[in-house]
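Protein chains: 4
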Amino acid sequence: MIVMKHRAWFSAIVGVTLMLTFVSGRTVLWGQTDRWYPSRWGANDQRGAANRITPAKILEAKNLITRGAIYPVGRVYEPGMPMFGTRHYSLRIPQAFKIPGSNQAVYHDELVSGELGQIGTQFDGLGHLGIGDLFYNGNNRADFAQPEGLTKLGIENVGPVFTRGVLIDVARYKGVSQLQPSYEITAADLRGALQRQNLEIRPGDAVLIHTGWGALWMKDNAKYGQSCPGIGVGAAQFLADEEVTVVGADNWGVEVSPNPNASLAAPVHQLLLARNGIYLHENLNTADLARDSVYEFAYVFVPLPLKGATGSPGSPIAIR
Amino acid sequence: MIVMKHRAWFSAIVGVTLMLTFVSGRTVLWGQTDRWYPSRWGANDQRGAANRITPAKILEAKNLITRGAIYPVGRVYEPGMPMFGTRHYSLRIPQAFKIPGSNQAVYHDELVSGELGQIGTQFDGLGHLGIGDLFYNGNNRADFAQPEGLTKLGIENVGPVFTRGVLIDVARYKGVSQLQPSYEITAADLRGALQRQNLEIRPGDAVLIHTGWGALWMKDNAKYGQSCPGIGVGAAQFLADEEVTVVGADNWGVEVSPNPNASLAAPVHQLLLARNGIYLHENLNTADLARDSVYEFAYVFVPLPLKGATGSPGSPIAIR
Amino acid sequence: MIVMKHRAWFSAIVGVTLMLTFVSGRTVLWGQTDRWYPSRWGANDQRGAANRITPAKILEAKNLITRGAIYPVGRVYEPGMPMFGTRHYSLRIPQAFKIPGSNQAVYHDELVSGELGQIGTQFDGLGHLGIGDLFYNGNNRADFAQPEGLTKLGIENVGPVFTRGVLIDVARYKGVSQLQPSYEITAADLRGALQRQNLEIRPGDAVLIHTGWGALWMKDNAKYGQSCPGIGVGAAQFLADEEVTVVGADNWGVEVSPNPNASLAAPVHQLLLARNGIYLHENLNTADLARDSVYEFAYVFVPLPLKGATGSPGSPIAIR
Amino acid sequence: MIVMKHRAWFSAIVGVTLMLTFVSGRTVLWGQTDRWYPSRWGANDQRGAANRITPAKILEAKNLITRGAIYPVGRVYEPGMPMFGTRHYSLRIPQAFKIPGSNQAVYHDELVSGELGQIGTQFDGLGHLGIGDLFYNGNNRADFAQPEGLTKLGIENVGPVFTRGVLIDVARYKGVSQLQPSYEITAADLRGALQRQNLEIRPGDAVLIHTGWGALWMKDNAKYGQSCPGIGVGAAQFLADEEVTVVGADNWGVEVSPNPNASLAAPVHQLLLARNGIYLHENLNTADLARDSVYEFAYVFVPLPLKGATGSPGSPIAIR
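Protein chains in written order, with our numbering: chain A, 1 to 320; chain B, 321 to 640; chain C, 641 to 960; chain D, 961 to 1280.
Do not take every clue at face value.
Said to hold, decoys possible - In silico lysine-lysine, DSS-like type, Cα no more than 27 Å apart, as pairs:
| id | chain 1 | residue 1 | chain 2 | residue 2 |
| --- | --- | --- | --- | --- |
| 1 | C | K863 | D | K1267 |
| 2 | A | K98 | C | K863 |
| 3 | C | K738 | A | K152 |
| 4 | B | K494 | B | K539 |
| 5 | A | K152 | A | K307 |
| 6 | B | K543 | D | K1179 |
| 7 | D | K1017 | C | K697 |
| 8 | A | K307 | B | K494 |
| 9 | D | K1017 | B | K543 |
Just so you know, these hints were derived from the structure itself, not from any lab.
Isolated chain A, as found in the complex:
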């Protein structure tokens, strides 16, 4: 909020801002009036913070691999996993196919369906969520959201994520195994936890937040999905300022839900995806990393290149 000496000027600016909101396409968000586009990577960029994964960053990550120990950080996809609304996940094994031949080759395949980039462990792409009609780099959904796939910002643009990963164990910092439902993780929480862990964040990192909420996965799915602790707008802005590439968590939305400001829904998604081109990685399993105090690692995830998709399934891995 901009503090003004003169109320008259203040009112004028609010009024002008509101007017500009509707006339020019600028969105006033939480009092901010700046325009988030064009992107710092150019008006045609579709990759956002993936641009931070350079050969140097890849080598930095590689150098963290000293033991050859891989921690899978993704969840198995199975029926009954927590899912939002009326999304579905189905897998069936059809009757076997017998290939004619003397060697009796018999094979199976599987028929899979569902909102695959947005169920289970999911990597949100830049076409997933926006502010009104506008998405990352000012792309308007009326232009790019086509029935056969997004024509801009599709997940196939991201490319492999091979970068330094940092686990911020906020639960341990707060002295608990699991944060409270709807606890908002603040920038101060993140800084404090990093300090306890004697680590800093660097540009291009994949930052994983451990809340402990993941312990509810497939144990109490109703509770898991009803709300969650997670980062708030302030913490998200901190991570954006640190110029990370991915923010992940062991909850279903990364951000706290519901937001403490009851009138806001998914503001962190908007701040990270739309305004900063930073990816989100949801429904992660960070329990083993937290248990072993593995706070720094190579983070590897290759989005499934479904052309025009909004996100990607898949199991990211952490390697030490």
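Go by the hints and put chains B, C and D onto chain A.
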């Protein structure tokens, strides 16, 4: 074929073999009468050659990363890509969802369906193809092939593949940019190409075969899918003897199709998957690696852990 | 059960029966040892009791239409409807398609998936359920249950059902609005109810059983699906003896569940579908017919001709 | 076109019309400036011409049934059938389910997916196609086209179609077995054919047009789908004036394609669906009716009540 001095003994053995085939469950394959199970990793093993990816192997792979250059080796999934039979691939972007709130959060997801582990770039798991009713480690499909997913050998058992990768550029070895349709790559071809490249294969490797056939992908799909050059049984046995973990190629089946022995269908699949627990990776894009003469690299692929699936989609990567 | 004077003979027959069960493919069912195939309509017949719908039967049904009043007897297909196991139902409206042209044609379609012949109001075909490996007319599932569709007994063989419909209001006959969970409707119940309604059943009829259980649909789905009142084996045999074509009900399985004989699962399905080629129609809405005491009507249902399917969705109608 | 004495006034009106087009939501279509909403059935009506199917109309149809002969007019749904764009149709039979019990109940279901209301024989609902953003009764797609289903104009609103059916054999009227590709059927063609057949159309009818194009179905799908003979705007207006309820044909779009006016796409869909609330039934099989000169019959079709769908699959029937 076992050479016998005495015809009588020979006939007896053939007769006994045939009898044993039907009575005991042993399969006579290309003259071999040995039984491929239980697996060398034990009667309960479901992971086969994935067991070869040890921390030491991971470190060996990691040490090949010197430039931080990533080559995506997988194909984009898109409508119109070559597919077998009546399989399908569908992706649709539903109407946007508007989340109630003052900040106008609007999001997209995608609805995807198809035989996802067996279309596009596909990693064949050990539940994919067998010999009659028997699959890797002697598992009988009547037991494990259940409608909601394979209860044994499902792809979720494989775990991350992070290993030494070797590209064998057979096309270049033969002095062409693209091998002939239905050209059978022999063990001698593989040895010769490796010698030209001054490389050897080691246990646990992911071996990628470059045939040049991949140049037809999305250029002439009809030709791409009608047949292909690829490894034959002899070359497959060579790779199995070298104890690799994955065999991949820039064609749709890895193995030559049709097989020069017209009565055999997918014998290499049987030899590698069922008899040796070695994975196949099909529809790869090896063109860039071949172009840049990148023959040795870290090969990274994390199967999509769809519980009970026969295979996995996804884009593997090669890193130097 | 066959009553024998001499125990020795009895034991011998039991023993012989058991032996015959395993050696000859005959199934002993509830003490019956007869063989239900070949069908009375011939060894190649795939249509079963649909053969009873002749032009004369169609005219008989037509003559019941006197008021031009149509009662839809099917349920709307919507998310959240009761479904068995891990079946799913998904409908999404993709982003609109805009057709190039000066007249701004814009259209929507829908993407639907699920086990469509076996969810919601469902008409069970003869390939749906069998006794061991054997289905209607002795067809063995190893032969006809192919991955791309049943090659025998597929729903496309049934043809339109336009026949005399009879509602048997068993609930009213028993003096209640809703039968108890797991109440077994007996042949005596059916006869008594028909007598109250002053009606008889004729060959080729579609007989709908009103249990009152349908009132739970989309009101208490958990209770709806957990069990249900319905016909037992005796009532099913009565209907088979009456040579009906379809048996339907306002519950999820037509037959009582669980069966009073705890060792039996779906014996009525076996008796009607497999042994008699009589179709089942589940999840019907018979409330309006019962409310209006409409007991005799034209029953019209055209199975969705999905080639090779086991059943059909769709809304049957009753016309007076 | 309004004839004006004074050119000045004429120009003014054109200018005002164009202005009104963009400012008020009125659509100028082929020179017509009238507003097609609210519907004659009221501003809240969602059923359009289905309102014409009254008990009297049902009885009129019933009285046409004299022989008890049913002609299925729909096509079997199978892989490889002609489909538009990247739509798909998939049916798979999963591995059999075995129900625990002494009676060995084994069952199959099928997994189906695709744009089911808009593939194969398809009945277009009023939410399927519009003029710009406006659909039947002035409904705006921004309001009713929600991701989980149309919230207005969904196919579940239509109700059973049991009405008088009329086959207009235009091919025979023109002396051919199959009309030429892209032949526009005019109102004069329809009148002439009706006169030859000594029939008239009545309000509420289902009018089926026989072009002969259906002979290409599953014989030459490429030709079938590339273009088709069909009714043009004039013929459509004639049918709308006759107040029919359904217009069907043995081609893929009912209307001629491409339209003789190259700048128009799907104008008949707009005229019938949006402006008049009249349904379209595509990909019908009218060959048997034409062969047997069955021109008047009961037409029966019950839309599959998929809540929120844009159209319905299913096989309509004609009964004499």
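Here's how the hints hold up against the structure:
1. K863/C x K1267/D: The hint holds at about 23 Å.
2. K98/A x K863/C: It is violated: about 42 Å lies between the C-alpha atoms, which goes past 27 Å.
3. K738/C x K152/A: Judged against 27 Å, a Cα distance of about 18 Å means the pair holds.
4. K494/B x K539/B: Satisfied, since the Cα-Cα distance of roughly 23 Å is no more than 27 Å.
5. K152/A x K307/A: Distance of about 10 Å is within 27 Å: holds.
6. K543/B x K1179/D: holds, 24 Å
7. K1017/D x K697/C: Holds, at about 23 Å.
8. K307/A x K494/B: Given pair K307/A, K494/B is violated - Cα atoms ~35 Å apart, limit 27 Å.
9. K1017/D x K543/B: violated, 57 Å
Consistency note: the structure conflicts with the earlier hints numbered 2, 8, 9.
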